[in-house]
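Position in the sequence shown (first residue = 1) + 22 = our numbering.
Do not take every clue at face value.
The calculated DMTMM-like cross-link candidates involving lysine to aspartate or glutamate, where the alpha carbons are at most 25 Å apart (straight line), are [said to hold, decoys possible]:
#  : residue 1 : residue 2
1  : Lys-315   : Glu-339
2  : Lys-180   : Asp-297
3  : Lys-330   : Asp-215
4  : Lys-124   : Glu-137
5  : Lys-148   : Glu-137
6  : Lys-180   : Asp-203
7  : Lys-388   : Asp-325
8  : Lys-242   : Glu-138
9  : Lys-242   : Asp-325
10 : Lys-388   : Glu-339
11 : Lys-201   : Glu-174
Here are the simulated distance ranges between beta carbons [said to hold, decoys possible]:
#  : residue 1 : residue 2 : range
12 : Ser-183   : Pro-393   : 38 to 46 Å
13 : Ser-295   : Asn-113   : 41 to 49 Å
14 : Ser-183   : Asn-42    : 43 to 51 Å
15 : Lys-201   : Gly-88    : 26 to 34 Å
16 : Glu-176   : Gln-385   : 29 to 37 Å
17 : Asp-134   : Lys-330   : 40 to 48 Å
Note that these hints are calculated values from the structure, not bench results.
Just so it is clear, CB atoms sit at the ideal spot from N, CA and C, and this is done for glycine as well.
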Amino acid sequence: MNVDISDAGIHGEVPTWFWNLSSQIRCLNLSHNQFVGEVPIMSTPSWKDGQGGPWTMYFGSNNFSGPLPLIPTIGTELDLSNNYFSKGLSNFLCEAKNGSYKLEILNLGGNDLSEEMPDCWMNWPKLTVLILRDNNLIGSLPRSMEVLNLAENEFIGKIPSWLGMRFPTLIVLSLWSNKFDGELPQELCHLKDLQILDLANNTFVGIIPRCIGNFSAMVKGKNKVENDLELQYSYYMGALTESAMVTTKGNMYQYDTILALFTSLDMSSNSLSGDIPISVTRLAGLRSFNLSKNNLTGRIPNDIGDMKVLESVDLSENQLYGQIPQSFSSLSTLSYLNLSDNNLSGMIPLSTQLQSFDPTSFQGNKLCGLPLSVNCSSNDNIPNHKYEDDESDKDEMDWFYISMAIGFSLSFSGVCGSLLFKRSWRHAYFRFLDRSWEMLLAQLPIC
23 MNVDISDAGI HGEVPTWFWN LSSQIRCLNL SHNQFVGEVP IMSTPSWKDG
73 QGGPWTMYFG SNNFSGPLPL IPTIGTELDL SNNYFSKGLS NFLCEAKNGS
123 YKLEILNLGG NDLSEEMPDC WMNWPKLTVL ILRDNNLIGS LPRSMEVLNL
173 AENEFIGKIP SWLGMRFPTL IVLSLWSNKF DGELPQELCH LKDLQILDLA
223 NNTFVGIIPR CIGNFSAMVK GKNKVENDLE LQYSYYMGAL TESAMVTTKG
273 NMYQYDTILA LFTSLDMSSN SLSGDIPISV TRLAGLRSFN LSKNNLTGRI
323 PNDIGDMKVL ESVDLSENQL YGQIPQSFSS LSTLSYLNLS DNNLSGMIPL
373 STQLQSFDPT SFQGNKLCGL PLSVNCSSND NIPNHKYEDD ESDKDEMDWF
423 YISMAIGFSL SFSGVCGSLL FKRSWRHAYF RFLDRSWEML LAQLPIC
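Start from the sequences and build out the full structure, keeping to the hints where you can.
Written as structure tokens, this is what we have:
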């Protein structure tokens, strides 16, 4: 039996008789109401594993509080997100009296948990989606995951180099708004199936790994969720949706089918330096690209136009220089662009897309052309390449004539000086002129 009373405007405590009835329910959905109080322990004899108790339980977006409830080991999906659970994490993770849990999806995001997570993940061998965002957690992580969302916590230190080896099947990795620091490990590039990588709002330093173009799912535009027959969820896709909230087009969005449709790379609000790797242009299936608010230098890769499905690009508040690549004009799907507050110069490429953006997308640079009001024909603007070439040719011609004049003057002065101060040279020179004149007259016809 399935019971779904989600989003029904119900408030107050859940009556005891209802919890007792739940032993006959296979799917129980109480989400998006205003229930209060504690959720009872579900791993009781009346919920005997294999005979009773829900397999899928969705209690998210209510006002439940107290300790996390113990659950039947037969359960496969559990959503306790966006409540006020504040304790009991150790018991919840480590209590497995009847063997290991069969849970595949666990969403504890948006609570008041502030404990250290114990290393009891051996009790959860089938767990593939773990969402712990918006808590105050620290501690160890499980070894086999496809969705790992640790956003808005207090995790500190470097991203461990073993992450790429331990979680080779990761589809979503969200670490945004923590206290991670240090350089990004090269081992991140082992995550071939990664569709969403969100490292924003930490204190990462160093360069962006050059192997960033190795994310196969972002290269092909195809993803594991569409094709993986093993990752099928009977009823609830909320866990995957929650796990994939991303900042794109200048705002945070949540997509109902995000993992089937979306790819995103967000390293914004860190202290990354160096240039944007050319290899990033291999990510032809990437839809959202955000490197804003770093210390990046160099030029925007010329082949960025090869990323044909880009919908959102934010490179603002860096130190990028040079011209905007002409290939930008081929991004027909682009609906959000922010290149402001860099050192870019020259003319904005002409295209239907680029001229439709607000001028603030280009402010804080030395750019000209629409949609800006700065006219590129003005001599005050940065000249284009043709103008620079013409100026260069003109300068070279000027210096040629100047050098000729200087050479002639020096030669003439040298000759005159020698004749003036050397008597023997002066007599020989004038005798030479006299003989030359006499020879010339001798050749003229006489009337």
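Quick rundown of the hints versus the structure:
no.	hint	in the structure
1	Lys-315 x Glu-339	5 Å, holds
2	Lys-180 x Asp-297	21 Å, holds
3	Lys-330 x Asp-215	20 Å, holds
4	Lys-124 x Glu-137	24 Å, holds
5	Lys-148 x Glu-137	23 Å, holds
6	Lys-180 x Asp-203	5 Å, holds
7	Lys-388 x Asp-325	22 Å, holds
8	Lys-242 x Glu-138	39 Å, violated
9	Lys-242 x Asp-325	17 Å, holds
10	Lys-388 x Glu-339	14 Å, holds
11	Lys-201 x Glu-174	9 Å, holds
12	Ser-183 x Pro-393: 38 to 46 Å	45 Å, holds
13	Ser-295 x Asn-113: 41 to 49 Å	45 Å, holds
14	Ser-183 x Asn-42: 43 to 51 Å	50 Å, holds
15	Lys-201 x Gly-88: 26 to 34 Å	28 Å, holds
16	Glu-176 x Gln-385: 29 to 37 Å	36 Å, holds
17	Asp-134 x Lys-330: 40 to 48 Å	44 Å, holds
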